[in-house]
Amino acid sequence: MAGSAFTNEDVIAAVTDRFTPVLIDADVDKKTPGQYGASGWPTVVFTNRKGEALKKSVGAVPVEQFLATAQAAGKDAGKPKPSKDYKALVTAQEELDAALEKKAPAKAIAAIEKIEKVGRKGRILDAALAAKEKLVAEGKAAVETAVTESDADPAKALKDLKALLREYKGLSDVEDAAKAAIPDVEKKLPTDDK
Amino acid sequence: MTRMNWRAGALVAFALLGGAWLVAESVRADEPAASDAAEAKDWTEHMGKLPFVVGREAGEAEAEFTGRPPMYFFTTTW
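Protein sequences, first through last, are from chains C and Z. Quick note, the first sequence lines up with residues 1 to 194 if you use the working numbering. Quick note, the second sequence lines up with residues 195 to 272 if you use the working numbering.
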């Protein structure tokens, strides 16, 4: 079943729109399958928010059949009622995606801080931390570029470094690198520009 | 001489017992809890592209958080 149904885009949409997919290892958890009348593997049981079974799919079934079951169960389950924290997390994730697409580090950092504030482990936090790591690497590379180019045009390099300080505010690794570079670049300025 | 042998023997025994205790503790620390056993398995092929949460407790917590009730997928590794 998993090889086909769980990779089908329509099935993925139908399931994730209304349900939280939970894998139960029947070798480890012997209680839960019994509570839902599952005795053969694989078995899928769609539930409502009260924990009651809505629909069941037993064994390997055609994708179309599984999709129909998932959609019918989704109608019975009704619209999701997410927690405030989840709504905040999803909003912050959307803001982060938009900021990364627009290459706007300051907005991306603000969105990452919101996700970290919710503090819930999971895919969204993992993605945010990965994005943060990437931003740090990009920021430090930009600082290095400014330093390299400071021999040719120290005034521009200084301006770039100060801009990086603003854009990457909150990422201490980048801020520290920029702050450390500024005095050396200032020394390269012509006397009049200092 | 006999007294020295006794002391040496006691030291060796103490060291061996201490070592055995340390080994036992390290084995205990590395043993996965029963609830972690399912998470430790590789479910990649079972999951397809669905973002599964492994285990009932974690699944229920996620369901409450997202406001989406669980779709339980009961399976095993053969």
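Take the hints with a grain of salt, since some may be wrong.
Listed below are the simulated DSS-like cross-link pairs for lysine-lysine, each with C-alpha atoms no more than 30 angstroms apart in a straight line [stated by the list, open to error]:
1. C:Lys169 - Z:Lys243
2. Z:Lys235 - C:Lys102
3. Z:Lys243 - C:Lys156
4. C:Lys156 - C:Lys169
5. Z:Lys235 - C:Lys31
Simulated from the structure, these hints should not be mistaken for laboratory data. These figures come from a predicted structure and were not determined experimentally.
**OP:** Please write out, lowest number first, the hints stated earlier that are contradicted by the structure.
**Re:** 1, 2 and 3
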